[in-house]
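Enquirer: As a plain string of letters, each chain reads:
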Amino acid sequence: MSAALVMRASKRFGDRDALVDARLEVAAGTVHAVVGENGAGKSTLLKIVYGLVRADRGQLAIGQRCDLARHGVAAAQALGVGMVHQHGMLVPTLTLAENAALGHEPVRRGLLDLAAARRDLARAAARLEQSLDPDACAGALSVGEQQRAEIVMVVARAQKLLILDEPTALLAPGEVDRLLALLRRIAGDGCAVVLVSHKLDEVAEVADAITVLRAGRTVAELARGVATREVARAMVGGEPPPTGAPPPLPPADAAVVLMVRGLAVHDLSGAATLRPGAGSAGGLRQVSFEVRAGEVVGIAGVEGNGQRELVQAVVGLVPAAAGRITLGGVDMTHATVAARRAAGLAHVAEDRHHHGLVLDATVADNVMLGRLDEVARGLTIDRTRVRTLAERALADLDVRPADPSLAARALSGGNQQKLVVARELGRAAVRAVVAAQPTRGVDLAAQARIHDRLRAAAAAGAAVLVISADLDELFALCHRVAVLHRGAIAGELAGDALRAADARATLGAWMVGAA
Amino acid sequence: MMDAVAAVVAFVAALATVTFVEMVVRITVPYLLAALGGAITERAGLVDLALEAKLLFGAFTAAAIAHDTGSIALAIAGAAVAGAAVGAVQALWAIRLGADQIVTGVALNLAAYGLTRYLLQVMYGQGSNSPRIDGIGAKVWSSPLTWLALVLTAVAIVMIARTRLGLRVRAVGERPDATAAAGVSVAGTRLAAVLVGSAIAGVGGAQLSLVVNGFVAEMSSGRGYVALAAVIMGGWRPAWVALVCLGFGAAEAVQVRMQSAGTGLPPELVRLLPYLLALVLLATLRGRGRAPAALGRGA
Amino acid sequence: APATRAAPAPDAVTIGLVFDVGGRDDKSFNDAAWRGLEWARRDFGVELLVIEPSDGADREAALRQLAARGVDLVIGVGFIFSADLEKLARRFPTVAFAGVDFSPSEGVAVPVNLAGLRFREHEGSFVVGAIAGLTTRTKVVGFVGGMKIPLIRKFEAGYIAGVRHVCPDCRVKSAYAGTEPKAFADPMLGQELAGAQFDDGADIIYHASGKTGAGVLAAAEARHKLAIGVDSDQFHEAPCCVLTSMIKRVDVAVHQVVADVVAGRFRGGLRELGLAEDGVGFVADDHNRRLLPPAVVARARALAAEVVAGTIVVPSQ
Amino acid sequence: MTPSGVDRGGDGARFAELRAAAVALLAAMAAGSLLIILAGASPLEVWRTLVARTFGDAYGAGQVVFRATPLVLTGLAVAVPLRAGLFNIGAEGQMIAAAMCCAVVGAALPAATPALLALPVAMAAAAVAGGAVGAATGALRAYRGAHEVIVAILLNAIIAGVALWLGNQWLFVGEATRTASVVEGARFAELGITGSSASSSVVVALVAAAAVGWLQTRSTIGFRWRMIGGGPDAALAAGISVARDRVSAMAAAGALAGLAGAHFVLGHKHAFEEGLGRGVGFLGVAVALLAQGRAAAIVVSAVLFAALSQGGLGVAELVPKELVDVLQAVVVLVAAATLGRTTSVGGGAR
Ligand SMILES: Nc1ncnc2c1ncn2[C@@H]1O[C@H](COP(=O)(O)OP(=O)(O)OP(=O)(O)O)[C@@H](O)[C@H]1O
Ligand SMILES: Nc1ncnc2c1ncn2[C@@H]1O[C@H](COP(=O)(O)OP(=O)(O)OP(=O)(O)O)[C@@H](O)[C@H]1O
Ligand SMILES: [Mg+2]
Ligand SMILES: [Mg+2]
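Protein chains in written order, with my numbering: chain A, 46 to 560; chain B, 8 to 306; chain C, -4 to 312; chain D, -17 to 332.
Here chain A stands alone, though its shape is the one from the complex (with noise of 0.2 Å):
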């Protein structure tokens, strides 16, 4: 079988290597996952061989012989090579046409030929078997419609060599199996298919071949076939750590500390004011649920479907429409942040770049915002107070380095998520917790730290809401699971129930409103 990729290169950033002389070898024909814990390379590999990102040093061959000092994104894209990236790479104002048309448009008379765009678009989807739309706006669409569209985009063009990255990540159970049929498919028509993925089982059942990536280099070469268990292994280089079960179940009496009733809240994806008209994913209806004191409640579901109307309405970011929120038996429907804050609420925001944390701020900062009355006299700010509650959070969930100094933007993604965490739960008095995707992006000994955490205030007797895509998490955390679907609640499992067999099917059947 004739290769389609063959490279090895390295590459810094600043003074840190992402890529120390790691090599990867993809055959024609074949599906081939790569695997490594965050922060391993995976990504800039992968960019190096689209072009996105210039290799300090190494050889690239994708069919010929390329010049990695001189290769482009263009050049990538003259080879037959296609990149779905790991964040969405749409332009949210442009159209889906004029996103597939970006860098390669059809020009007629001097002018955009957007009649040809469209129709090639939606040759492509159909070739896919996809239904999209070439005239929405991009923006308007869910982010898992989005990524579904610029997956029909990539696979039109790449001819030789697909690379997707992280492209589960956002999906129901039920779409990812579709997906992996796809790439199965794709491959089979002699196209290579590179798939960057942290679900080792997805990995399993789909590629041929896998290449293992820990700190910037290649660790593990592996034939299809390898046990899950020792692809994890070679990942982290060692045991990996233990996923843990829910905290004890509180008592049936225990006081209900948030109260949902009848909630109802605008749609936020900004799609009234992308484009006036266009299909909006349609916010959050009539949604009743409440969590009581000690009790984890979870709220999975795919993204779009409601989730960050319901998380900013708790937390009081957006208003109700319509239905009452109370906290500790108070109603707090109209309160704002500042005063659901001291009634005792914790926020970890979902988006940590965005509502978590300010980053060009310190570390020590931006343990201060939220818990300014903790540290303020008066008008002055007790700058020993900050520094002995920024090193008591760093301490907390071992955020490294612990450096209070420091700027939140120079720490990587988990450390940045271990801050969110530790300020909100470290409050005094926290009654409530709403978490949101609470260790999206973030490695295993992260993700275990804010897990046993989040444990922690439950047991403390906090009532907490996680509200996350990832079915695991949910089932590592949580005494009840609720599913979301386009604004309501399409069921509940808790118990026995939970914790039966078929439990993931049901739920995903849910989370698809395949139910």
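Quick caveat, the hints were computed from the structure, so don't treat them as lab data. Quick caveat, the model's predicted, so the values are computed rather than measured. Be a bit skeptical, because a hint or two may be false.
Listed next, with one range per pair, are the computed distances between beta-carbon atoms [what the hints assert, rightly or not]:
1. Arg260/C <-> Pro102/D: 27 to 37 Å
2. Ala17/B <-> Arg164/A: 54 to 64 Å
3. Ile19/D <-> Ala254/C: 32 to 42 Å
4. Asp141/B <-> Val189/D: 51 to 61 Å
5. Gly259/C <-> Ala34/D: 24 to 34 Å
6. Arg260/C <-> Asp141/B: 22 to 32 Å
7. Ala168/B <-> Arg164/A: 50 to 60 Å
8. Arg432/A <-> Phe(-3)/D: 47 to 57 Å
All C-beta atoms, glycine included, are put in the ideal place defined by N, C-alpha and C.
Mind docking chains B, C and D with the ligands on chain A? Use the hints.
Expert: Showing chains B, C and D with the ligands alone in chain A's frame:
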């Protein structure tokens, strides 16, 4: 009361004349071209606070060339080049050097005020105006700038909406990372947008000096800032921006007519009409448009 | 002119002058002051130091700098220097000061080392107003001012009185370009303001608006109407269309005060220059003969004589 | 590169900034030398004269102090909102409104009012008037989504017009375009540096700089401003009222610009005068940006710009004075290129 209403009706009716339309056109052209140029630059993600500098250098260059060659066409072309030259500095600073775009714009305006005066001194030995030139004068329908402005408006609208460069400009101002991932050069697209936009703004400057047959120091008189306001009020969409500029031009023309008609209102306050109108609109019409997401964020 | 930049020679009398907004070569007010200085240099061989400040903060500092460096006479061109000159004259009692268009503070005496040179612009404006009133065919004439400030109001008031005096049923349209000093440097707007008045029936427009006036002249040129220049003879700015100019002999005033200093007979106090002193006047020469009939010139001269004689009192506001 | 005004901290960063400032000066001198040669003069002589006429004698130094005083205040008026993610280009209008109010109040006081009462009252009038204009700008941004840059530009024009109208209508005395003088008690004493205009209002500027420095680094309100500038969404999620603090930052800025107006009225002209302080508000932008928004650095930066302005007069007989305008622009441009981003803009309507 009825008298007042009748007076207002009569005043408005009196506006519907060819000369009023001509006045609106003359006043609008510099706003229009500066704002269209600004819209293109900003759509590519660069804050364009340097419109004042582009107008002023455009006006100066047009006057200098008209003085030396007597050719209006060359003068206009020179104004475009002068605008583009300011844009080139702006692009170098913002794209290559990663400089703060607001600071760059403020500094370029400062430089324009000083440098045009300085050049007047050096070239003509006088710091406040150029020698008299044979410009275009007050004529409107036979002025090449009137028609050029019309053509450039159409060009700007079509360019943004319907050309390859326009699509790339729209993309790069919104998601430069995604644009790069699509194989488009972010820096190249931005440079092209800034140069085109700045050249258009420079032509707007030519209107200032050619209509009054000479360059006068600081004759842009804050028009570049008003043009930037128009860019924002027009939601960064060229057609809307053009309409807003027309509104500005009309408001200013009404102000002029009100003074001539003798309303009895103090001229100091009548003069503020366009500004008050803009302020009220800004406060009431909660921004219709969205700023390009990558605006001001550097490369 | 390199001579203006030479360092002061120790023995020569040195004159320092600070221009108003607009600066030298404004073809108007500052220009006239500059001509007076050059004239004085030719006559007396004095050294000159001139500064063109760019904004408000600079003006006082420029005067102060000249005074602090010990020039013999410091001249501030423009009413805006008045308060600064009063203060500096007290601060530097050994330096002679002169203010063109000086307006004294109320209730305090003018310092003895400060000569306030004032012009009765309303008188000159009265005469050109009369010329406009006699020449207009439409019985509508116009006035364009830069900024509405008391000084410019003087021009406007005298002009209106002059028009009315010879033509009681004539109408005068007035407009101002703006509310900041840049209103004296916006020819684009000047041309629209004038254009609107022409379109509303005016056939002659008088301006007192600095370089904004370039637009007024351009508007007259474009419409084949007439304009009246200000401060200096502005005929050559638009030879087709400048009916006359209200000249203000800033040059004479400046030359005189320099002569006083050179001769050692400088005295402070207010010095008012009107029609009687030839401090203001109008232009009637070979250039504008084509536009200005001898009968009108004769009548204007007669009116000027009446003003000088005191039989006509021209309002200044 | 640091977006927004959030402190980077670290000695390395400070050193880099110092070096950047030095490079900016050198580049400005290089560009300036070219222009000087173009005008047929000798660069060496011009630079020598420029230094001699500013720091070289007591008069020049006094003038630099005098000119730096309002620049410190308008620089602070730009810096405070800069940290909060707002660009205040309205110092000019805030200053004019404040100066007029200050002059009216200062003149209306009983003639015998002691300085201890008159000065604070007149200064408070200026701060309140400037603060009100600033607050209005901030409120339009915070609650109506109107871009503060545009609002400020419009307000600058509107305030200039209204001030002139008020003056013509009621306030100007006699033929002048100045208001009645403020009472004796409401005047800052001249420092008496050999004929220079420097007055004790420089103390106000220094106290203001110290106060802003304290606010920025030690106070809760300064912390909130920093946070809403660095990450408005995170600040909102942490319970900070972003809208209210945007208004407070702009109000504080307006009050500072107002004190610059008070400097001109109480420390120099002793009345409001048309054209007073014109340009100082805009120059404050350059002062603040060069200083990266830091209070202590603003004092230094203000002195630099003041020296350039004053030096421009000093060399006026050698080269056209416009040279220094260009030099100031070049300093800012080069600083912008070497310092990276100092402001954060979010574009228009949100
Ligand atoms: N643009 C960049 N600037 C600086 N450092 C970078 C940049 N991109 C990547 N890195 C660093 O390079 C290393 C490898 O990153 P990369 O994104 O390739 O990891 P990954 O294996 O894809 O991780 P993940 O599973 O989180 O996606 C990380 O340490 C990261 O911090
Ligand atoms: N913008 C930046 N400024 C300074 N340092 C940075 C920056 N980006 C990344 N780093 C450095 O790179 C390191 C790795 O960052 P990155 O987020 O890729 O880590 P990671 O390996 O993915 O870790 P994690 O698994 O916790 O996400 C950080 O610890 C930090 O030291
Ligand atoms: Mg990755
Ligand atoms: Mg990471």
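Enquirer: Which numbered hints does this structure break?
Expert: 1, 6, 7 and 8
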